[in-house]
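Residue numbers (our numbering): -1 to 586.
The set of hints was computed from the structure by calculation and includes no laboratory data.
Keep in mind that a hint or two might mislead.
Straight line, CA to CA, 30 Å or less: simulated DSS-like cross-link-like pairs of lysine-lysine [stated by the list, open to error]:
1. K573 / K336
2. K433 / K336
3. K433 / K489
Label pairs and their in silico Cβ distance ranges [unchecked claim]:
4. A527 / R19: 18 to 26 Å
5. A527 / D381: 18 to 26 Å
6. A392 / P38: 52 to 60 Å
7. A474 / T232: 27 to 35 Å
8. E216 / G77: 12 to 20 Å
9. D44 / P323: 22 to 30 Å
Idealized CB from N, CA, C, for every residue including glycine.
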Amino acid sequence: MVDVPTRPAPDHPCPTFARPRWALLDGAWDFCEGHPNDTPADWAWDRTIEVPFPPESPASGLGLERCDHPRYRRTFTLGSDIEAPGPGERLLLHCEGVDHEARVWVDGQFVGRHEGGYTPFTLDITDALGEGPGHEVVIAATDLARELEQPRGKQDWHDQPHAIWYGRSSGIWRSVWLEVVPATRLASVAWTTLDTFGRLRGDIRIEGWAEDEDLAVEASYACMGQPLATVTTTATAAAVEVHARLGKAAHADTPFLYWSPDLPLLIDIRVRLLRGDEVLDEIASYTGLRHVRVRDGVVELNGVAVFSRLVLEQAYWPETHFTAPSLEALRAEAELIKGLGFNGLRMHQASADPRFLRACDEVGLMVWADVPAAYVYTQRSTDLVARTLTELVARDRNHPCVVAWVPYNESWGVPGVADSPWQQAAVRAGYWLAKALDPSRLAIGNDGWENVAGDLVGVHDYSHDPEVLGRRYGSAEAVAATLTGDRPGGKVLLVDAPVAGTPVVLSEFGGVTLRDGDDSWGYGEVADAEALVERVRALVARVGTASGLVGFCWTQLTDCLQEQNGLAWPDRTPKAPIAELRAAIREE
């Protein structure tokens, strides 16, 4: 029987780098509120919280209005909660998201800290473990509600959500889990599609590599259960490149292996670290052969022009805030977007749950990934945005669905970018950092207006007059005139003239409100479901495939608190018959 690589379990928190020995620590934790400069000895554990839901959310069991200094504690038992590490093995603690700063103790010993609420971190806790099978983890978070230097995305800094900002997700807001690993092990993998001829490169790093060890890396590839290739490469350093060509499949009905929204084929990969015939470590991964570029004024996916029909995804739920209520909710979200007729989404001002990206990989959705914004320009805010971008690229680059990075949005965090050479430099640095870390994807320096650098120009325009949209974007000539003439939203669209042939995307528009109220936010109101469909149809017709644009992004998928301009209600029920909305989005 052929040993064929398989995809990791659907619930694995890291779906492109998975081992078999892991355990979630989600569930009930002891909880208290701390204060600046306190220590574990000061904490009185007076409540419990349901992790990973943030303390401000109802699902946490607390529903706090504000929590700047959440503190967490729980125990785990080796041999029960997770297999005890054996000789030559290590125990890792993974935190998928702790906003904004985290300090961690294990059995009373400080083991590390991490700054950045939207990206994961990992700590080796082996040497901190005390005697016996029972052990204690304590996590102290600091997330100042008024702090504007740190990336906070759509988390409000007012007492109550206002305008287009929502409730906060402080402290632990994504899964915490344990993993048993070998001391000499695979540390990371990064898959890159090199061209449209099926060439795939893997950049693999080894933890514990020594020059005198005879190590090799073996990568095996499969598609739809059919083996494709196995490549073995000698490890002459801690960084190893593996190359494979996977251009054809053995299936007559699917002759090409490329990933696209129409045919989201995925490559399942098994990577082994070998010492002779001994398998030191093994991980399950996957990716997709997906090549994206700009050429001759269009965006090409796998060498073919593609028109992007995106929707703005805020990833906010009333009961759980920016934490998904369940694994099933993540899959349902991707299927709803696909069912509405979109071929992609813009993950707006939040980092996607990796399991949601897996769902996008599997159903076929292109993703623009925003970096959550700070709201002032300082040296620290610039550093934190760059650090967040760097860690997001490292986390998400194996997902073929991700096609673009967006370091800045609407000049948030760089409010003087139109005139300040320093803030312009920050945007350029964000663009070039994204390209340096991941040249296989597109990048847009500052989306919306005041564009400084980018493979695309993104424009935000909430006009609800189809004639105005037609005049601004109905042809390539109209788009060119708009970039240097009209000011949608009263903003200059270009700070620097883009490279000739740079495509333009209407990366936010729509925002139609089906119902309104004194505390709601929208860009235009309609009376009923029928009127909503007709408004969507009329606006999309002016910015679709017959226009001078290469894509659009509709605002937005769901209502979010007072921002009531979604195509679906907060419970994800479409506001109009889904078939009618789909036909309008797809111009059918």
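Each hint, compared with the structure:
no.	hint	verdict
1	K573 / K336	16 Å, holds
2	K433 / K336	28 Å, holds
3	K433 / K489	26 Å, holds
4	A527 / R19: 18 to 26 Å	50 Å, violated
5	A527 / D381: 18 to 26 Å	47 Å, violated
6	A392 / P38: 52 to 60 Å	30 Å, violated
7	A474 / T232: 27 to 35 Å	52 Å, violated
8	E216 / G77: 12 to 20 Å	31 Å, violated
9	D44 / P323: 22 to 30 Å	26 Å, holds
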